[in-house]
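Colleague: So the protein lines, in turn, are chains A and B. For the first sequence, my numbering assigns the number 1 to the initial residue and increments by one for each residue that follows. For the second sequence, my numbering assigns the number 1 to the initial residue and increments by one for each residue that follows.
Please keep in mind that the hints were generated in silico from the structure rather than gathered at the bench. There may be inaccurate statements among the hints.
Non-contacting residues of chain A with respect to chain B, defined by C-beta distances greater than 10 Å in every case (computed) [said to hold, decoys possible]:
{"no.": "1", "residue": "L15"}
{"no.": "2", "residue": "R62"}
{"no.": "3", "residue": "A103"}
{"no.": "4", "residue": "L166"}
{"no.": "5", "residue": "L215"}
Which bits of chain B does chain A cover? Going by a derived footprint, with three or more residues having C-beta under 8 Å, they are [to be verified]:
{"no.": "6", "region": "13-25"}
{"no.": "7", "region": "56-68"}
The C-beta atom is built at its ideal place from N, Cα and C for all residues, glycine as well.
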Amino acid sequence: MKRILTLLPATAVCLAFVSGLAYSIWQIAITTTSVDLPGLLGENLDQSGVENPVTAVLLNFRSYDTLLEIGVLVIAGIAGISVARTSSLEDPELRTSDTLLYALQRWLIPLMLLLAGYLLWAGSDRPGGAFQAGAVLAASGVLMRLGGIPMDFLRPGIMLRLGLSLGFAVFLLVAVTSALHGGEFLAYPPELAKTLIVVIETVLTLSIAMVLLALFVSAPVNNAEEPEEGGSG
Amino acid sequence: MTPSLLYAFAGAALCGIGLFGFIVISHLLRKLLAFNLMGSGVFLVLVGLAQHRSGPDPVPQALVLTGIVVAIAATALAVVLIRRYFHLSGKTALEDPARDTLPHQGPREVREAPRE
Numbered sequence: 001m002k003r004i005l006t007l008l009p010a011t012a013v014c015l016a017f018v019s020g021l022a023y024s025i026w027q028i029a030i031t032t033t034s035v036d037l038p039g040l041l042g043e044n045l046d047q048s049g050v051e052n053p054v055t056a057v058l059l060n061f062r063s064y065d066t067l068l069e070i071g072v073l074v075i076a077g078i079a080g081i082s083v084a085r086t087s088s089l090e091d092p093e094l095r096t097s098d099t100l101l102y103a104l105q106r107w108l109i110p111l112m113l114l115l116a117g118y119l120l121w122a123g124s125d126r127p128g129g130a131f132q133a134g135a136v137l138a139a140s141g142v143l144m145r146l147g148g149i150p151m152d153f154l155r156p157g158i159m160l161r162l163g164l165s166l167g168f169a170v171f172l173l174v175a176v177t178s179a180l181h182g183g184e185f186l187a188y189p190p191e192l193a194k195t196l197i198v199v200i201e202t203v204l205t206l207s208i209a210m211v212l213l214a215l216f217v218s219a220p221v222n223n224a225e226e227p228e229e230g231g232s233g
Numbered sequence: 001m002t003p004s005l006l007y008a009f010a011g012a013a014l015c016g017i018g019l020f021g022f023i024v025i026s027h028l029l030r031k032l033l034a035f036n037l038m039g040s041g042v043f044l045v046l047v048g049l050a051q052h053r054s055g056p057d058p059v060p061q062a063l064v065l066t067g068i069v070v071a072i073a074a075t076a077l078a079v080v081l082i083r084r085y086f087h088l089s090g091k092t093a094l095e096d097p098a099r100d101t102l103p104h105q106g107p108r109e110v111r112e113a114p115r116e
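Assemble the whole structure, with the sequences as input and the hints as a guide.
Modeller: Okay, here's the thing in structure tokens:
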């Protein structure tokens with residue numbers, strides 16, 4: 001009974017929150033606006049350099065968001081690595097080895113790498129792009145980690161640093177270069193737009209995969225000598 | 001009342017459920033899950049509300065895609081932090097500073113040396 005009483009204020013707050021939110025959604029839904037964003041996007045799509053509207057928004061019309069996003073990702077990755085308890089993210093001690101998983105990986109990893117490359121390329125004219133490809137790439141990295149395949153690029157050093165920062169650095173370089181040439185920050189020259197977008201997407205894929213993988217491996221699961229870890233606590 | 005608007009209202013409901021969990025549950029991992037549920041609700045509201053009038057709208061979809069990636073990274077960072085906290089304190093919930101609670105298990109000895 002006492003527990004129900006303590007839950008009562010929280011329930012009331014949540015119900016009020018939901019009803020306020022639902023009321024706002026309803027208000028927005030019934031009011032008409034004069035701005036037609038999909039139409040506006042469709043008219044300007046041929047200037048963006050890519051045919052997929054989502055990619056055009058992500059890497060051309062609202063590329064500022066994407067630039068900030070990869071910045072956030074890099075910071076999260078660095079923070080995750082720096083609180084990790086291990087001195088190196090790639091340590092033979094931390095590898096699990098599972099023969100079945102290893103055998104499966106020899107089939108899966110090449111397919112996943114191929115899929116990541118396809119998704120990256122497909123992003124220019126159909127659903128796909130850097131984020132999906134980066135997620136697949138990170139997933140294959142996680143699988144490799146779980147199957148005990150050594151990943152030397154995760155050792156502290158130039159590869160790890162480059163992998164984490166490449167996407168953000170290249171993106172920022174493109175942005176600043178276009179600003180220095182008299183254009184606006186992040187405005188690509190129209191004739192180079194497609195090339196630049198593909199280059200940025202490629203390095204973004206690598207960096208996103210690297211950040212996600214680094215965040216995964218910086219929370220090691222091998223704590224055999226610490227029985228409390230993973231218990232009910 | 002189109003199906004897309006239904007998605008938006010479902011998103012509002014998810015936000016409410018997530019907020020409830022975030023307030024009530026003390027276990028940090030579950031709190032994180034509840035927080036993610038709120039985030040998913042926000043994404044649903046964004047996409048559902050935008051496509052209710054004129055079909056799929058790429059602008060909010062792109063923003064939500066950005067949001068999903070940031071949410072994944074933030075969640076992973078939160079998990080790393082929670083595990084670190086658990087390592088250091090042996091607790092799965094934050095301490096209440098107002099109450100002098102008996103620790104569930106004594107704070108474990110912190111070993112900074114890397115495990116080789």
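Colleague: Look at each hint and say if it fits the structure.
Modeller: Against the structure, the hints come out as follows:
{"no.": "1", "hint": "L15", "result": "7 Å, violated"}
{"no.": "2", "hint": "R62", "result": "6 Å, violated"}
{"no.": "3", "hint": "A103", "result": "28 Å, holds"}
{"no.": "4", "hint": "L166", "result": "16 Å, holds"}
{"no.": "5", "hint": "L215", "result": "4 Å, violated"}
{"no.": "6", "hint": "13-25", "result": "holds (count 8)"}
{"no.": "7", "hint": "56-68", "result": "holds (count 10)"}
Figure legend: structure checked against the earlier numbered hints; hints not met, in rising order: 1, 2 and 5.
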